[in-house]
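Join the two chains into one complex using the hints; note that each chain is given alone, in its own frame.
Residue numbers (the numbering used here), protein chains in the order written: chain A, 178 to 484; chain B, 81 to 393.
Don't take each hint at face value.
[Unchecked claim] Pairwise CB distance ranges (calculated):
{"hint": "1", "chain 1": "A", "residue 1": "F229", "chain 2": "B", "residue 2": "R266", "range": "34 to 44 Å"}
{"hint": "2", "chain 1": "A", "residue 1": "G235", "chain 2": "B", "residue 2": "D274", "range": "44 to 54 Å"}
{"hint": "3", "chain 1": "B", "residue 1": "L189", "chain 2": "A", "residue 2": "A345", "range": "48 to 58 Å"}
{"hint": "4", "chain 1": "B", "residue 1": "L382", "chain 2": "A", "residue 2": "K295", "range": "30 to 40 Å"}
{"hint": "5", "chain 1": "A", "residue 1": "A247", "chain 2": "B", "residue 2": "R357", "range": "41 to 51 Å"}
{"hint": "6", "chain 1": "B", "residue 1": "V91", "chain 2": "A", "residue 2": "L263", "range": "47 to 57 Å"}
[What the hints assert, rightly or not] Using 30 Å as the maximum straight-line C-alpha spacing, the simulated DSSO-like pairs for lysine-lysine come out as follows:
{"hint": "7", "chain 1": "B", "residue 1": "K311", "chain 2": "B", "residue 2": "K163"}
{"hint": "8", "chain 1": "A", "residue 1": "K262", "chain 2": "A", "residue 2": "K293"}
{"hint": "9", "chain 1": "A", "residue 1": "K295", "chain 2": "B", "residue 2": "K323"}
{"hint": "10", "chain 1": "A", "residue 1": "K478", "chain 2": "B", "residue 2": "K202"}
{"hint": "11", "chain 1": "A", "residue 1": "K293", "chain 2": "B", "residue 2": "K311"}
{"hint": "12", "chain 1": "A", "residue 1": "K295", "chain 2": "A", "residue 2": "K233"}
{"hint": "13", "chain 1": "B", "residue 1": "K323", "chain 2": "A", "residue 2": "K262"}
{"hint": "14", "chain 1": "A", "residue 1": "K295", "chain 2": "A", "residue 2": "K262"}
{"hint": "15", "chain 1": "B", "residue 1": "K323", "chain 2": "B", "residue 2": "K202"}
{"hint": "16", "chain 1": "A", "residue 1": "K293", "chain 2": "B", "residue 2": "K163"}
{"hint": "17", "chain 1": "A", "residue 1": "K293", "chain 2": "A", "residue 2": "K233"}
{"hint": "18", "chain 1": "B", "residue 1": "K311", "chain 2": "B", "residue 2": "K323"}
{"hint": "19", "chain 1": "B", "residue 1": "K202", "chain 2": "A", "residue 2": "K262"}
[Unchecked claim] Covered by chain A, according to a simulated footprint, are these stretches of chain B (three or more residues, beta-carbon under 8 Å):
{"hint": "20", "segment": "179–191"}
{"hint": "21", "segment": "208–214"}
{"hint": "22", "segment": "248–254"}
{"hint": "23", "segment": "260–270"}
Hints are computed from structural coordinates only; laboratory data are not their basis. By construction, the Cβ of each residue, glycine as well, lies at the ideal position given by its N, Cα and C atoms.
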Amino acid sequence: MTELLQQLINGLSLGAIYALIALGYTMVYGVLRFINFAHSDVFMVGAYAGYFLGPKLGAGSIGGGVLTLAGAMAVCAVLGVVIEKLAYRPLRGRSNLTVLITAIGVSLLLQNTGQKIKAVGANPRAFQFPGPDGMTRGLFPETQLHFRSLTISSNQVIVLVVAVVLLAALWWIVHRTRIGTAMRAMSFNATASSLVGINNDAVISFTFALGSALAGAGGVLYAMNYPSIDPLMGTLPGLKAFVAAVLGGIGNLPGAALGGLLIGLVETLVSGTRVSTYRDAIAFAILILILMFRPAGLLGKLRVEKV
Amino acid sequence: MVLPKSQLWLVVVLLVAGGVSAFSGRIDPYVLDVAMGVGIAITQASSLNLINGFTGQFSLGHAGFMAVGAYSSAMLTTTLGPKLGVSTAVLQWVLFPASLLLGGLVAALAGLAVGAPSLRLKGDYLAIVTLGFGEIIKVILQNVDAVGGARGLVGIPDYTNLFWTFSVAAVTVYVVWGLLNSTYGRGFLAVADDEVAAEAMGLNTTRYKITAFVVGSFFAGVAGGLYAHLKGYLNPGGFDFNKSIEIVVMVILGGMGRHVGVIIAAIVLVVLNETLRSFGEYRMILYSLLLIVLMLTRPQGLFTWTRRKPSAA
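In isolation and in its complexed conformation, chain B is listed as follows (with noise of 0.2 Å):
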């Protein structure tokens, strides 16, 4: 059987994932953590990237829609699981990627909620709606008692592995891969390129601007349940407008609109992140301080090589 070349990619990939995963009791736990964190960021990282860089929208609220698939994903696992009375396997392996499609699911239609309104504004404007979006989500996560408030949602089971992190990413990065290069995904570039053009070319620039986003949410919110069943805790501060620039500081150094370009991105800073702990309290200063050289040296992105048009946003 001779399957087209990206969907064998998915499935080597889909296939290391798993068999590092068996193996995962004997690696070094810290590394696991890490190598979990980077499978989450290249998920947040590339479903960001379909509203960001290919689709040339500005979405800050990213972390809003984390934090509304994280908390509908473990919500469903907490209060269902202990109920059905199976073992943890079967928990793991049914009921936890049903989870994450519930989160993907919730934090899709939060998405359309969002974005079928606000999507008529451009650039900036957009910018700030978004972001006002993800501190109302927060706010209402500190005040609503059923999920913890703002003590935070505890007792979160660990189902998340190696596994599920990386095949989700892969999933993520095929289906955005995918979605571009069909028929019906050249017109996101187009909207990117020149939207007044798109529009006279009669492309329905709202509706494809609206499903980058609800795509796009649809993945973070997956990437927020498998951060909550990492954690085992999540809290609404987490989530807050800090957490939504760390995904767009990845798609941006990865060079808005590339796809490996952004996997490296998120790899790096999750990895660098962790560099930077040795650090210590000075962490975050050396963090804004690369930021700030990275973006004066090389503001096409930290991977693009080749020179492309800059675009006009």
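Just chain A, same shape as in the assembly (with noise of 0.2 Å):
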């Protein structure tokens, strides 16, 4: 029983992360209905901001590391935008096979880059950062907290914590606010939308800014619990977290962080069994039997086709 209590909470924790993927790919989609594989790279870039951010930042301490992550956060919204700008927006119009492929392309571009690139380099680099003591230490500071025969570490505290913030925060944008109205206008349909005078460009613009920003986020906390990054690093997360945008219903923000939520906690509980090798094909499992039963995703609307 407590054994599978630690295993809820650590999946929570992993699942906060992939949901915040989940939310980009799925808000990316709902505007301009292409996945978006650059997005898992994206994800990647955030953590290694936050590698280079967090020494002048003064990752160590609560504050320190809240503004590393926000700065990540920052970066990767810049790197949306302008990935957007240079490799999408030209290529508004024509099929999203096109698009598609051109995502696929600026995917593998960033991650042969970042191998490329000195600073980053091709091999995997600790998530830690040098302490005044001369010991390496994480972003946050860390502690474990017990609860009877619970552990529960620090870092899985503000994983749930960060996530919950950022998703209010989303969620305030896109119900609250102006921009956010036209989002959900634009995802409703585009067309109309313009024709009501909302600027589609500057939508799908924020979009990017928005998704990625929480893609950025979701890769300096994936790098804190698992203190190592590389420039890969993003390929089986992302690929997780967009099954898990799919599993809640793809255009759907609940059904993203539903999704990310179920696909963290049953990966983690399937490494608890004795099939723990199996664990990277759960997610698709599951993908392909919901898809099956509900092809719209756990809580996406099937749209009837008109002719």
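Here is the structure:
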């Protein structure tokens, strides 16, 4: 029982990270109807941004950690907007497949450029920072919290708190601001939204900034809990987060969060069993099952095709 | 005897492949290796073209079916081969084609198992299910010790030669071409053009999609068998998402649903990949940049000169 609870907590914190990445996929899909394959590499850039900004912004204290997180999110937001401007905007109105392949190209470019830059390099690096006493330390101060026989690391708490804060902020932006209303209008009907005077390009840029910032936060949090980063680190979490987005119903924000949590939980529970080596396959197996019985995902609405 | 033009082409290619193959001892081994890679790439790209190009579906799991075929055929030749006690020539000309056929059939079965339930899905969803299937295959192969697990399968005899690679490529192109130009095969194009309209005309669209998927998977499996006996070594990691993407790129650069364009794209990409080797570590950066630039400038495919009605996909 204790072990199950322990696994649930571990799963929740992993799932929260998947949820953050999944939201980026789902938002971009909502406004542009295409899978942004480069998203997983924005996540990777987020982790590296945290790695390089950390020492300058005072990693190791709570304030420094929050600053580093915010810095990484800002870097990723800019990167997301630049990618959209240079690679996707010229293809507006072309077939989805063309944009999809371009996204794959951008993804490969980020991965391989990362491996070639001296400061980044192909080898994994430890996501730790030099402390004043010469010892390495994590991004936030670390302790273990004990409840009876449960052990919760402070990092897991931080992941959950950050995720909840960001999700709340996102909810507020999408439902309570003008630009959020514009985003929802555009995902409902892009042609109609431009007819009522919404600048679709601005909305798309904003969506990319928002989604990429979340991916950046996800990258830093992921790196913090699995303290090793490399240029290819985004691929697997990215794929799983994408699966989470589809699982919840792509284009649906609460669905992406729910899907992320589910994938994280199931994956962690499977890791604790004898078939733990199959854990990377489990996310996809669930996805296939869900899509067979609820093709629009858990919370998605099936659109009736009109002729 | 007068054969229809298409069959004449097939016979000519088979004869040329056999003829050139007889002199393969005199060809530079490196060139030979690249040439065989080209043959396998043509098989892969043409078979995926049937699914992604002509039938308008979007599979991202072609490498998974290739892996199924590669492992099945390699298991047959490595386990049964030594026990038969016959000469290498017999193995290469009898057991090897049988193993390729087995690889194709097992891959086709896998295609049926994946396609039948998932082809009800459309577009991006189908892409993601096939991608998921490819990943599952990889993880299973990494965990099954009988096929070497994560270490990979070693000691596969090198039966693949120019004749086999190009015969298979020619047969694949011929079958795909013949299928599409048959009365039945027009249905594939109808499904790609407008699924709802095709259904309204009484076509069983799901069945067409599954057929395309199974035939495409069959040839992916055969290509996998060729690949296994070319490299002599199989590693589950080699059949990942990036491998599927590589094949998808060939189909898209060739112009979805074009026979000759896709063949040229397969040749160009394999040769390009080799040429870029001289740039060493910068190869993949150049490759990805080229991909982006090509998509921005020639999204209709590199070798498509006549304008075609933009498809809804």
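Hints and how they fare:
For F229(A) paired with R266(B), a C-beta distance near 58 Å fails the hint of 34 to 44 Å. Checked against the hint of 44 to 54 Å, the C-beta distance between G235(A) and D274(B) comes to roughly 60 Å, which is inconsistent with it. One distance hint, 48 to 58 Å for the beta-carbon pair L189(B) and A345(A), holds here, with the actual separation near 49 Å. Roughly 34 Å separates the CB atoms of L382(B) and K295(A), a value that falls within the hinted 30 to 40 Å.
A beta carbon spacing of about 42 Å between A247(A) and R357(B) agrees with the range 41 to 51 Å that was offered as a hint. At roughly 50 Å, the beta carbons of V91(B) and L263(A) sit within the given window of 47 to 57 Å. Restraint check: the Cα-Cα separation between K311(B) and K163(B) comes to about 22 Å, which is no more than 30 Å; the hinted pair holds. The suggested pairing of K262(A) with K293(A) holds, with an alpha-carbon distance near 24 Å, which does not exceed 30 Å.
A hinted pair counts as satisfied when its Cα atoms are at most 30 Å apart, and K295(A) with K323(B) qualifies at roughly 27 Å. With a CA separation close to 15 Å, the supplied pair K478(A) and K202(B) stays within the 30 Å bound. Straight-line distance between C-alpha atoms of K293(A) and K311(B) comes to about 28 Å, which keeps the hinted pair within the 30 Å bound. Restraint check: the Cα-Cα separation between K295(A) and K233(A) comes to about 19 Å, which is no more than 30 Å; the hinted pair holds.
Distance check on the hinted pair: K323(B) and K262(A) sit about 28 Å apart at the alpha-carbon level, within 30 Å; holds. With a C-alpha separation of about 27 Å, the suggested pair K295(A) and K262(A) falls inside the 30 Å cut-off, and the hint holds. This hinted pair checks out: K323(B) and K202(B) have alpha carbons roughly 22 Å apart, not beyond 30 Å. The straight-line distance between the Cα atoms of K293(A) and K163(B) is roughly 49 Å, outside the 30 Å bound, and the hint therefore fails.
Between K293(A) and K233(A) the CA atoms are separated by roughly 24 Å; this keeps the pair inside 30 Å, and the hint holds. For the hint pairing K311(B) with K323(B), the CA-to-CA distance comes to about 15 Å; that is within 30 Å, so the pair holds. Note on K202(B) and K262(A): the hinted pairing holds, with a Cα-Cα distance of about 28 Å set against a maximum of 30 Å. With 0 residues having a Cβ less than 8 Å from any Cβ of chain A, the segment 179–191 of chain B misses the three-residue criterion, and the hint is violated.
With a threshold of 8 Å between beta carbons, the proposed coverage of the segment 208–214 of chain B by chain A holds, since 5 of its residues qualify and at least three are required. For the segment 248–254 of chain B, the assignment as covered by chain A is violated, since 0 residues bring a beta-carbon within under 8 Å of that chain's beta-carbons and 3 are needed. For the segment 260–270 of chain B, the proposed coverage by chain A is not satisfied: 0 residues have a C-beta within less than 8 Å of a C-beta in that chain, short of the threshold of three.
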